Amino acid sequence: MSGRPKLILASASPRRLALLQQIGVDPDFLRPTTIDESPEKGELPRTLARRLARTKLEVAAQAVKREADLDGSLILASDTVVAVGRRILPKAEALEEASACLRLLSGRSHRVYTAVCVGRAGGSVRERITETRVRFKRLSREEIDSYLGSGEWRGKAGGYAIQGIAGSFVIKLVGSYTSVVGLPLYEASSLLEGAGYPVRMAWASVAV
1 MSGRPKLILA
11 SASPRRLALL
21 QQIGVDPDFL
31 RPTTIDESPE
41 KGELPRTLAR
51 RLARTKLEVA
61 AQAVKREADL
71 DGSLILASDT
81 VVAVGRRILP
91 KAEALEEASA
101 CLRLLSGRSH
111 RVYTAVCVGR
121 AGGSVRERIT
131 ETRVRFKRLS
141 REEIDSYLGS
151 GEWRGKAGGY
161 AIQGIAGSFV
171 IKLVGSYTSV
181 VGLPLYEASS
191 LLEGAGYPVR
201 MAWASVAV
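Numbered per the working numbering, the sequence shown finishes at 208, counting up by one with no gaps.
Any given hint might turn out to be false.
Unchecked claim - Using C-beta positions, here's what the derived DEER-type ranges look like:
no., residue 1, residue 2, range
1, I35, V84, 21 to 31 Å
2, P39, I165, 21 to 31 Å
3, P39, S106, 18 to 28 Å
4, I171, G72, 45 to 55 Å
5, A94, R141, 10 to 20 Å
6, D69, R141, 20 to 30 Å
7, R126, P39, 18 to 28 Å
8, G107, A63, 41 to 51 Å
9, G194, S168, 14 to 24 Å
10, L30, P198, 27 to 37 Å
11, E131, Q22, 29 to 39 Å
Said to hold, decoys possible - Keeping only pairs whose Cα atoms sit at most 20 Å apart, straight-line, the calculated EDC-like set for lysine to aspartate or glutamate is:
no., residue 1, residue 2
12, K6, D28
13, K91, E152
14, K6, E131
15, K91, E40
16, K65, E40
17, K91, D36
18, K91, D145
19, K91, E131
20, K172, E127
21, K6, E143
22, K91, E43
23, K6, D69
24, K6, E43
25, K91, D26
26, K6, E40
27, K6, E37
Just so you know, these hints were derived from the structure itself, not from any lab. Since the structure is predicted, the reported quantities are computational estimates derived from the model, not experimental observations. Note that beta-carbon positions come from the ideal geometry of N, C-alpha and C, so glycine has one too.
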């Protein structure tokens, strides 16, 4: 794909990288960012997702400015927030956090917000936010304990990974499945194309 801008993914998430590769987009560089992801007082889930994605892009852009060979590169950043009503669920790191999330999500609907930002260092930023509704079946204590034992929940927003075992918990999903995984592909590809990145150029060489 010569003649295209270099692409930087501002994330260490293997899920986001795999999703981009699924549509033939292979970032040239990974520039994971470390930021405080704590919600501000009274902050709504949608607002939090947008703020974190933009902050990740801005932090990555500052790092890129110090690397002359990355001048003019496009940066893609994203963040996913899981919420029940206005209550924002954590990205579970402790067993107790994941257990609390699963008990809260059991037998009810929740919403997943994923914000995607694409831009260049010092340039304008394009963004999209998706909202997906997900309903879980009622989980038994044995199901929760077994899922916790899998360790799949670790580091996941809401304490679960829909692309794994937890996919069997989902009764209904309205919106974008890939957004719940971590990157809405329709929105991401649209933003990249709009910013001058030729997403479709590599499709002829993608094996099915």
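Exercise. Any of the earlier hints contradicted here, and which numbers?
Worked result: Of the numbered hints, 6, 9, 10, 11, 14, 16, 20, 21, 24, 25, 26, 27 do not hold.
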